[in-house]
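Each residue of the sequence shown is one higher than the one before, starting from 2 at the first, in our numbering.
These are calculated hints, taken from the structure and not from any lab test. All of these numbers come straight from a predicted model, not from anything done at the bench. A couple of the hints might just be wrong.
Taking CB as the label site, the calculated pair distances span [said to hold, decoys possible]:
no., residue 1, residue 2, range
1, Asp169, Ile118, 19 to 25 Å
2, Met83, Asp110, 35 to 41 Å
3, Trp170, Asn39, 35 to 41 Å
4, Asp35, Phe128, 18 to 24 Å
5, Asp110, Lys197, 36 to 42 Å
Using N, Cα and C, we set each Cβ at its ideal position, and we do this for glycine too.
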Amino acid sequence: MFWWLGLALLVDGIDGPIARKVRVKEVLPNWSGDTLDNIIDYVTYVLLPAFALYQSGMIGEPWSFVAAGMIVVSSAIYYADMGMKTDEYFFSGFPVVWNMVVFTLFVIDADATTALIVVVASVILTFLPIHFLHPVRVQRLRPVNLAVFFLWCALGGYALLKHFDIPDWVSLAFVATGIYLYGIGAVLQFFPSLGKSKS
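All chains should be built: construct the whole structure from the sequences, respecting the hints.
Below, the structure written as structure tokens:
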């Protein structure tokens, strides 16, 4: 399942630019690519990861069910927010990339307490005006952001190939790149000159 979610994550990063390049809105004016994109994203970013978390029993009962419910409901509300993106294409609030979060919990074999804290914190951050990175569309530090994102993907792919039986250094590198992707948006928000080209 995580292989398919990973592929969906990569496709999601490039489908928008491709659609704009071939002018889909002009060719098919009665079709909403944004709506279709949101539906697909909700399934791959939210429903499937929430189901995987629940089925794994990682957090234990009844908390696995509660955590999955929090993910599904908070994400639905987030997708209804028309102001989820800033002028610089950051996401405002945690952008419900639960596929990445849940996958990370599996890779590090998180204990129940850690997993629940991560889920609750991310749900809360969904509704706060904290910036989160879109690694493709945000221009500030874009080369670094893309490099870290692809490194995270490569490490995750290696973990999958090894069925999560990976050396500690791989796990640490995976977590470090994940923390960067999770937090760099807030860093750039609070340091608005960071990463801006000098004119």
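State, for the Cβ atoms of aspartate 35 and phenylalanine 128, whether the hinted interval 18 to 24 Å holds or is violated. 22 Å, holds
Return holds or violated for the Cβ distance of aspartate 110 and lysine 197 against the range 36 to 42 Å. 39 Å, holds
Whether the CB-CB distance between methionine 83 and aspartate 110 falls inside 35 to 41 Å: For methionine 83 and aspartate 110 the Cβ distance comes to about 38 Å; the hint holds.
Verify the CB-CB distance for tryptophan 170 and asparagine 39 against the hinted window 35 to 41 Å. 38 Å, holds
Does the Cβ-Cβ separation between aspartate 169 and isoleucine 118 fall within 19 to 25 Å? 21 Å, holds
Hint check: no violations occur; every hint is consistent with the structure.
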